[in-house]
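J.: What follows is the residue order along each chain.
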Amino acid sequence: DQQVKQNSPSLSVQEGRISILNCDYTNSMFDYFLWYKKYPAEGPTFLISISSIKDKNEDGRFTVFLNKSAKHLSLHIVPSQPGDSAVYFCAAVNSNSGYALNFGKGTSLLVTP
Amino acid sequence: EAQVTQNPRYLITVTGKKLTVTCSQNMNHEYMSWYRQDPGLGLRQIYYSMNVEVTDKGDVPEGYKVSRKEKRNFPLILESPSPNQTSLYFCASRRGGYDTQYFGPGTRLTVL
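Heads up: the protein sequence lines correspond to chains A and B, in order. Residues in the first sequence are numbered from 1 upward in steps of one, following this note's numbering. Residues in the second sequence are numbered from 1 upward in steps of one, following this note's numbering.
This is chain B alone, in the form it adopts within the complex:
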């Protein structure tokens, strides 16, 4: 089954404790992205990647890091999480520029 998977689905952590949210897709897609969804703000892009070792900042990259060492994986790293990073995070992938983007099920992160 073609899918984008994210782990964990739910995470409660404390300020400053490094964490990684994993994202994996099995569709051999070139493009992968991370978004956060906040009430009243919709979906905002954090980072995106057009291919292995190629990443670029989205609209709200501060406080986040990403890496794309393999085509299928695109982890999101929070080196020192803060409460304002409490949000619902979505990973997504697509084959090319105009192709349909597939989203993962989301990771709800709470930073205390």
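Chain A extracted, bound-state conformation:
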């Protein structure tokens, strides 16, 4: 059963606007969350992470928000750039289960000029 869900398979945003990618999870034991970015023909690369003891983490244009009560996290990209067009994977770690990384199915972001 999918414990990490990205319910939007795709998202299209204009250059300069905000991109918001959403992720929901079901396992309350997850204690660390990450976002990965993937371009075609390449492996995923780490983007940003957040511990469950925080509700926000910011790195340049990227901010991740965590709402533990709602079991929801989101990635904000401001401003969006055409080079941000990629597939974004949300992932969660359960330290009580071998630190296995559980991935969502991904959201394909297209940033149009």
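Think of the hints as simulated: they come from the structure by calculation, not from any bench. None of these values were measured; they are calculated from a predicted model. Cβ coordinates follow ideal geometry from the N, Cα and C atoms, glycine included. Treat each hint with caution, since some may be false.
Among the chain B residues that face chain A by a calculated CB cut under 10 Å, a handful are [stated by the list, open to error]:
no., residue
1, G42
2, Y48
3, Y64
4, T100
5, Y102
6, G106
Using the hints, position chain B against chain A.
T.: Here is chain B on its own, set in the frame of chain A:
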């Protein structure tokens, strides 16, 4: 350069012919994992290893084997490949539980 390498990058084979996809990392990482990526299903973990000689099943281990005899290498073995194992495979490594995971470039496997 810190990296995870996989070989081969592309492979077309036939049902039942044993194959091995190699994975190597040069970062002295403890953790290594194998994933497969399929359309609409995202990244699913096949096997992972927390250290030499320590491996465990992920979400979709059926039809695969792994071994971790050395820290840097984590080969994925398909003893008798079937068409449903046609997929894009990624090897990954990380230092510890919460550390950044680095992925290899992927191996596209087609089983006819």
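J.: Y48 of chain B was flagged as interface toward chain A. Is the shortest Cβ-Cβ separation under 10 Å?
T.: 6 Å, holds
J.: Can you verify the interface hint for G42 of chain B: is its Cβ closer than 10 Å to any Cβ in chain A?
T.: 3 Å, holds
J.: Given a cut of 10 Å on the nearest C-beta pair, is the interface hint for Y102 of chain B held or broken against chain A?
T.: Holds - the Cβ of Y102 of chain B comes within 10 Å of chain A, reaching about 8 Å at its closest.
J.: Classify the hint on T100 of chain B as holds or violated, based on whether any CB of chain A lies nearer than 10 Å to its CB.
T.: This interface hint holds because 4 Å falls under the 10 Å limit.
J.: With a cut-off of 10 Å, does the beta carbon of Y64 of chain B approach a beta carbon of chain A closely enough for the hint to hold?
T.: 16 Å, violated
J.: The hint names G106 of chain B as touching chain A; please verify it with the least Cβ-Cβ distance against 10 Å.
T.: 6 Å, holds
Of the hints listed earlier, the one the structure fails to meet is number 3.
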